[in-house]
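Trainee: One letter stands for each residue in the lines below.
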Amino acid sequence: MGVKMQQSHHLVAVKLNEQVGTKRGYTFIQSNRAWLPKFLVLSVVVVAFSSMSIYNSMDADIKVRRKDGLVSMCDQRARMLKDQFSVSVNHVHALAILVSTFHYYKNPSAIDQETFAEYTARTAFERPLLSGVAYAERVINSEREKFEEQHGWTIKTMERQPSPVRDEYAPVIFSQETVSYIESLDMMSGEEDRENILRARATGKAVLTSPFRLLGSHHLGVVLTFPVYKSKLPPNPTVEERIKATAGYLGGAFDVESLVENLLGQLDGNQAILVNVYDVTNSSEPLVMYGHQYQEGDTSLLHESKLDFGDPFRKHQMICRYHHKAPPSWTALTTAFLFFVIGLLVGYILYGAATHIVKVEDGFHEMQELKGRAEAADVAKSQFLATVSHEIRTPMNGILGMLALLLDTELSFTQRDYAQTAQICGKALIALINEVLDRAKIEAGKLELETVSFDIRSILDDVLSLFSEESRHKVKLAVFVSDKVPEIVMGDPGRFRQIITNLVGNSVKFTEKGHIFVKVHLADQLKGAPNAHTKTCLNGRPEEDILISGGSQFETLSGCEVADERNSRDTFNLLIAEDLFNSVDSKMTTNEASENVTVMVSVEDTGIGIPLRAQDRVFMPFMQADSSTSRTYGGTGIGLSISKCLVELMGGHINFISRPQIGSTFSFTAVFGRCKKLVFANVKRPTFKDLPSGFKGLKAVVVDGKPVRAAVTRYHLNRLGIHVEVASSINRAAAMCGKKGSLTAGYRHPDLILVEKDTWMSSIDNCISSTVTDWKQNGNLIQFPKILLASKLSASELEKAKASGFADTVIMKPVRASMLAACLQQVLGIGRKKQPQKDMHMRNGSSALESLLYGKKILVVDDNKVNRRVAAGALKKFGANVECAESGNAALELLQLPHDFDACFMDIQMPEMDGFEATRQIRLMESQVNEQMKSESAVEIMKGGEWHTPILAMTADVIHATYDECLKCGMDGYVSKPFDEENLYQAVAKFFRTKPV
Amino acid sequence: MDARLRQLQRRWVDCRDALWREGILDSMFLELQQLQDESNPDFLLETVALFFTNSEKLLRDLFSDLAQQNVDFKRVDAHIHQLKGSSSSIGAKRVTNACIAFRDFCRARNHIECLRCLQQLKEEFLLVKNELETLFELENQIVAAGGSIPKVQRRF
Chain Y
1 MGVKMQQSHH LVAVKLNEQV GTKRGYTFIQ SNRAWLPKFL VLSVVVVAFS
51 SMSIYNSMDA DIKVRRKDGL VSMCDQRARM LKDQFSVSVN HVHALAILVS
101 TFHYYKNPSA IDQETFAEYT ARTAFERPLL SGVAYAERVI NSEREKFEEQ
151 HGWTIKTMER QPSPVRDEYA PVIFSQETVS YIESLDMMSG EEDRENILRA
201 RATGKAVLTS PFRLLGSHHL GVVLTFPVYK SKLPPNPTVE ERIKATAGYL
251 GGAFDVESLV ENLLGQLDGN QAILVNVYDV TNSSEPLVMY GHQYQEGDTS
301 LLHESKLDFG DPFRKHQMIC RYHHKAPPSW TALTTAFLFF VIGLLVGYIL
351 YGAATHIVKV EDGFHEMQEL KGRAEAADVA KSQFLATVSH EIRTPMNGIL
401 GMLALLLDTE LSFTQRDYAQ TAQICGKALI ALINEVLDRA KIEAGKLELE
451 TVSFDIRSIL DDVLSLFSEE SRHKVKLAVF VSDKVPEIVM GDPGRFRQII
501 TNLVGNSVKF TEKGHIFVKV HLADQLKGAP NAHTKTCLNG RPEEDILISG
551 GSQFETLSGC EVADERNSRD TFNLLIAEDL FNSVDSKMTT NEASENVTVM
601 VSVEDTGIGI PLRAQDRVFM PFMQADSSTS RTYGGTGIGL SISKCLVELM
651 GGHINFISRP QIGSTFSFTA VFGRCKKLVF ANVKRPTFKD LPSGFKGLKA
701 VVVDGKPVRA AVTRYHLNRL GIHVEVASSI NRAAAMCGKK GSLTAGYRHP
751 DLILVEKDTW MSSIDNCISS TVTDWKQNGN LIQFPKILLA SKLSASELEK
801 AKASGFADTV IMKPVRASML AACLQQVLGI GRKKQPQKDM HMRNGSSALE
851 SLLYGKKILV VDDNKVNRRV AAGALKKFGA NVECAESGNA ALELLQLPHD
901 FDACFMDIQM PEMDGFEATR QIRLMESQVN EQMKSESAVE IMKGGEWHTP
951 ILAMTADVIH ATYDECLKCG MDGYVSKPFD EENLYQAVAK FFRTKPV
Chain V
998 MDARLRQLQR RWVDCRDALW REGILDSMFL ELQQLQDESN PDFLLETVAL
1048 FFTNSEKLLR DLFSDLAQQN VDFKRVDAHI HQLKGSSSSI GAKRVTNACI
1098 AFRDFCRARN HIECLRCLQQ LKEEFLLVKN ELETLFELEN QIVAAGGSIP
1148 KVQRRF
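Chains as they are written, first to last, in our numbering: chain Y, 1 to 997; chain V, 998 to 1153.
Just so you know, not all the hints are guaranteed correct.
[What the hints assert, rightly or not] Now the stretches of chain V that chain Y is said to cover, found in silico as 3 or more residues with beta-carbon under 8 Å:
1) 1017-1031
2) 1042-1051
3) 1065-1079
[As the list claims (entries may be wrong)] Heads up, simulated EDC-like pairs for lysine to aspartate or glutamate below, C-alpha to C-alpha not over 16 Å straight-line:
4) Y:Lys82 <-> Y:Glu261
5) V:Lys1071 <-> Y:Glu912
6) Y:Lys82 <-> Y:Asp308
7) Y:Lys644 <-> Y:Glu448
8) V:Lys1071 <-> V:Asp1039
9) Y:Lys876 <-> V:Asp1101
10) Y:Lys876 <-> V:Glu1035
11) Y:Lys968 <-> Y:Glu917
12) Y:Lys205 <-> Y:Glu361
13) Y:Lys156 <-> V:Asp1039
14) Y:Lys484 <-> Y:Asp524
15) Y:Lys856 <-> Y:Asp902
Think of the hints as simulated: they come from the structure by calculation, not from any bench.
Every residue gets a Cβ at the ideal spot worked out from N, C-alpha and C, and that includes glycine.
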């Protein structure tokens, strides 16, 4: 069995795992988890590249600005240089005109060397760039002699040698003082100067030489040459005319180096840029005019600006570059770096998040798997419960069957009672197994309560007998139900019983001595006696008032102290009160107008109590007072929590008062429906243990020193219809009988006397013999049956009692109505033949079943031949007319409307069409016909009502899920296989009892 | 003659006690016995005979099913269910138990264990068949000898 279970458990687990495996949905991240590190690297690379590009774009921007700055600065310098240069050129031009005007047009000449020198010196500020100017006259070789004669010197070459003979000469005749050293030098003797001169006179414009080191300053410079014409030229002179008209040449040396130096000095940013000026007439060989050819600087960036000095033949350009390389751009660098860092962080965060997600998802899947396993375990647990309870039921069936057979044999009354008790206990055990199955349902909140009529008292009797054997040897167990509580109420008897069983069971478990007392009364009954209560409470230790004279004991059932004294006393007061109104039919006095009745049940024990610290978690599931409790007393600790749920479902409350080492009193209220008198006459179910009615009208005297205990005995006797008087001692009873018997003619003598053992024992020594003789003398008393009540009795005590002629029989406590009835039957001989027969029948329900089933036509549907035969046999035995069908389809055919079947028993598990499906189809068929009937005529409805064939499922399953499934598909009930008479009865009675038998 | 009858009766009692002691039958069988009355005197015999033929057929089917290359476990399960149902109706407890074990292995699709269970099931079935037939045979002999069957109920 164990192996089996384990295997099926394993199977379920595996199945669930597979399910989980297929169901498991991987997210995008989860499925790409291997790519995560690559993603991280990739993101780092991408971030690096983008920060580089950011840097580059920012840097390029800066470079463009730098270049723009260079361009503008360079252009500015070039422009200024040109401007200043052209200003100087204009001045030289003006000087040339001056020379031509005053030297050639005037005759004689107005200018001589002295004048020229002075004029030029005084106007030198106009030409700051020119180191000096000089005028050279054109002298043709033929005129040389004349010229030399006129001036008194010979024409010299640049090397200051007398000039060799040439075609033409250009000796300097006037010169500024700064350059006076060139006077009389032939300008045409230098190759370059000569070319210049020729070019100048041909074009009529200023011409420049290529740069060279000036004679005086050794600065780089150029020579500017301007032609001077002797006569006015025609508007568009040809080259010939120009040459012919040429009179001389005015020249000036430009100190370019100083010029540029001055210029740059005036401008901003002089330090930043490096300026070079080149003569690029011969483009392959640029000549430096200013600046050092190999000066260092930022060679990566340069700008060229064209310079136009007015000489079309010569080309000049200015090249600027920065002194220093562009410093690295800190903004760009920082921005890029920050971007990189941020990108890196973001990437890392994403990576971290992704790995975290992966981890969480892994955890989630793991949890899911575990959850699946837990669920599988839960399923396995239910299966286990179902199987185990099934396994337990089978031997229990054997036990119950045997007990049933035992009860059919000749037994003494005591034996019968024992056997019946055993049977009841067995049934209670099966009920408990079902309750275990229900537990899950309660916890899931799916529990629904029945509403059927039931007898509270018989339920209490059942509970009492369930525990009587267990508790007999240690405690007194008693039940008292107030007369005001209706006999039959509407509610859920099973659950009510479950609560009481649980509470009493706990009490029995935890009580070693004293008593357990179950009291039931109406909740508003207590309100009736508040005065008595307050009065007793005012006295501080109120129990002293009520202590009986017999000993220093408390006024409770066993004399032990109880936890809830107040409750105990209230009940006590009620008992006293009821004693007074005993003769009145109190049931009639209760308020029957209200629909509901609130019943209060309290279970009082004198056990170990609940430790104070554990009291607040008593109703929590699986909580026991402490772990040692379960070791000592066993149990799971779930009972009270279930009870609490059930009580709340019944619209009541549960609470308790507990005093450690003194006891606990649990009390709860429950709301039940009041049952109308008419109904419960019919509804009375045979499962209720009917009490024999043969004792009605008898009268009994109960001799008991304790009022509470006496009240309990009286309650049970009252239920049998016996009128009771209570006497606190034997003497008093005797006195009562004797006195009344002699004095009052109308007074009926009691038919029996019940004596409590304790009372008897206490009186035995002093007055028993005299009393008995007294009674004997009285004569009329001797024939009373005398019964001794005891919870335990040793053999010697029994002998003693018998010997004293006192007791005809002994009733073992706890007192129960049925027990009392059985004993009284034996003693009084009432209905000895008839009663047990009836009793047995009522118990078995056979006759009832027969009466229900007799003549009924029943269809049994089962694919299993043997099962079909057994079911048919069982039903036939009760007089039913049985027909069989071996499949759902066959059943459908037989149940085509109209048919005359009264009920149908349906197997669930059948091939082709199972019981559920067959039922569904039958119901469908019926509803169609019903619809049709409704529309056709009202007469039909009057005759037969609606079609609804009762269908009962037959199944070996005991799981509630199956039951729910049955109801869901339209079945009316449920019979467990193999058939059990009572079960069958209960299922069948539901829908047959309303029809006339 | 009388001695022979008593002996037969004793043997009958022994035989029936063995059925209970060894757990071959359970209370369901008793209930079946109770269902038999004057109106239906052969109920038990007929039912049990039906059970035998039915079960033999099912066992044959199971053997042929499990001999297949690809075992149709659903079919096997259905057969076991049938057998379990009828055996529990009869009260043949050990057959029922064998069926339960068999069914579990069948649901686990364990071919080898299934075969073993089938073998065991067969043995259990033959055992109950044998015992019951002996019992009925003894009953017949007792009745033929003019005796009465000892009361069942008193024994338990």
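Trainee: Which of the numbered hints are not met once you compare them with the structure shown?
Mentor: 8, 9, 12, 13
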